[in-house]
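J.: When you get a sec, could you build the whole thing from the sequences and use the hints?
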Amino acid sequence: MVASSLQLRDVGKSFPAPDQPLTRQPVLETISISLEAGELVSLVGPSGCGKSTLLRLIAGLDFPDSGELLVDEEPISGPSAERGLVFQDPNLFPWLTVRRNIEAGLAARGVLQQKRSEVKEFMRLVGLEAFADAYPHHLSGGMAQRVALARALINHPKVLLLDEPLGALDAFTRMRMQDEVLRLWQNRRTTMLLVTHDIDEAIYMSDRIIILTQRPGTIEQIIPIALDRPRDRSSSDFLSLRSEILELLHFAGNRTSEVTA
Amino acid sequence: MLQGQKISRQSQVTVGSVPSDQVRAESTERYALSAQEKKHPTAALLTVPVTAALALGIHLFVAKNEPPNESRTYTIVLGSFFAGAIVAAVMQRWWPALQTRMRRFRPLFTVGVLLLCVWEVITSGFRMLPLPYFPSPAGVVQSMINDRGLLFDSTWHSLVLLLSGYLLGVVAGLVTGVCIGWSGPARYWGMPLLKVVGPIPATAWIPLAMVISPSALISAAGLIALAVWFPVTMLTASGISNTRASYLDVARTLGANARYLVFRIAIPAALPSIFVGLFMGLGASFLTLVVAESVGVKSGLGWYVSWAQGWAEYGKVYAALVIMACFFSTIMTLLFKLRDRVLVWQKGMIRW
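Those protein sequences? They're chains A and B, same order as listed. The opening position of the first sequence corresponds to residue 1 in this note's numbering, with each subsequent residue numbered one higher. The opening position of the second sequence corresponds to residue 1001 in this note's numbering, with each subsequent residue numbered one higher.
These are calculated hints, taken from the structure and not from any lab test. Using N, Cα and C, we set each Cβ at its ideal position, and we do this for glycine too.
One side only, chain B facing chain A, incomplete, derived with CB under 7 Å:
#1 1246
#2 1249
#3 1250
#4 1251
#5 1252
#6 1253
#7 1254
#8 1255
#9 1256
#10 1260
#11 1268
#12 1345
T.: Here you go:
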C-alpha cells in the first residue's frame, strides 16, 4: 500500500493574538475532512483562512487545540517521513548541491547507504540529472521546486502535502509543473492535499476541491470534480465549473472593478 | 524545455543574489588593461623595475651616511628585487598567469617601493627622525638578518602558543555556542554569563591567571582561548538560533532526528555567522598573544619586542613587527582560504 487515508475530525486551532497575548484568535474551527487513499484534494480559500496551518497540523509540525487527526486510523503524534511537505518557497538547503539536497530525505532517516541507488532515479524523474552538482541559488524557481518535490518524494511518503508549491512560478512554468505533479501522482498514487490560490489549478488537478471560509476557517463547500483526465482547461465543463466556484467565492459577476474605457 | 528554464532563471534573479557570472566578469574587468597601458605597454611593464632602480639609486646615494655592513645587505635586497622585477617583466610575455598577476599588483608594488624610498630618505638621507628610535630600512633588514636565529625561535613559540590557545577557544566556543543557540535552558543560563563575562577583555584576567596557573605558558594559552571563546560563542549561538525555521520544518518532515537537525541543518546554516566569529576571535587572539608575551611569557615575538626595546635596539623592534605582520596576515589568509572552501556554496550569492 503506497497511500494512506486521512481523517480530520472537528479540528480546531487558535493562536495568541499578536497585540493581546492573553486572548487567542481561532484560526480553524470544526474542520472535518476525510481523504481516501490515493486521492488528490485541493484546499482553496481566502488568504489567512488557515490553509497552511491545517497542513502543518497534518504534517505534525503543530498540534490542534481540539479534534483529532488520523492517518490510516492512527492519531498523528509528530512529523514523520510518511507525510511529506512541500512549501511555496522550495526551502532547499543552500549549502548542499542538488544531488545532496535530494539525498537529504534518505540521510535524515539514516538510510542513505542502503538506498543511494534511488537518488539517480529521482533526479531523472524530475529531470535534473544535468544539475546534480549545482548549488540551489543557480536554479530557476521551477527547477528548485522540482528538487524540493524530489526531496519529499524520495522517502515514498504515503501522504504528500503541498502548500502552494507552484505559487511563485510564472504562468507557463506553473502549467508545466502542474502536469509534472499530476504525472508523479498518477505514477505513485500518493494521497495528496494541495493548498492553492489558483482555481484553475485546483480544477485541473484535483478529485475534489474543499473551499474554506474566511478566518476562522471552516469548510464552506466540497466540490467533486468529475472531469476525465487529462483535462482540457478550455472545455465548457471546465469553464462552467470555474464560474460556479468563483460564484461561491463571491467573485463572479462582480465587474465593478473592471476598467471602463 | 531547457529554453523555458533559462528564461525563468533570468527572471528569478533576486536582490540578495548576484549571479556568479556577473561577479566574475566584474573582477576580470577590474584588472583589464587600462587606456594608458594599451597606449604604452612597455612603459607600463617597466613601472616596477624603474621604481626598484630608483630605490636602489637613492639607497646607494644615502648609504655613505651609514655603516657599510648595514647598507650592503640592503643593497643586496633592493638589487635582487630589481633583478626579480626585470625577470618578471620579461617572463610575463610567455606566462599569462604571471601577466594578470603583475597587472593586478603593479600599482601596489610601485607604491610600496616608493614608500621604502621615502622612509630611507627621511632617516638615512636627511636624518629627520631621532635615533635610535627610527632606524633606516637598511638597519631593520640588517637587524633581521643578524638576529635571525632568535627571531625564528620567537616566531615558532608564538605560533605554537597562538594555535594552541586559538584552537582551544574555537572548540570551546563552538560547543557552548551550539548549546546556547539550540537549547532553551542552555540559553537561559548561558546567555547572562556570556553577557557579563564575555565583554571583559581577556588581558584583564592576567593578574588572576598569574596566580592560579602553574606556568605562564598555560595561563597565556588559557587567556587566548578565553579571548577567542567569546566572539565564537556569541556568533555561533546567534547563527544557530537564527536558522530558518522552515529548514528545520522541512528536515523534520523528511524524518530527521534531533542529531540530524543540529549537525546537518543548524550548524551548516550557521556557518557564515560562525566564520565571522572565527575572524573576530582571530583578531582578539593576536592581541592577547602579544600582550601575554610582553608581560608574562618569556618567549615569542611579543616578548622579543619588549626585550629589544629594553636594550634600545629599535632595529630589532621593527624587524619583529615586520615579521609579526607577515605572520599574522598569513594566518588570516589561511582562515580566508578555509572559509572560501567551506562556504563555497555561497559563491555568487554574496560578495566577499
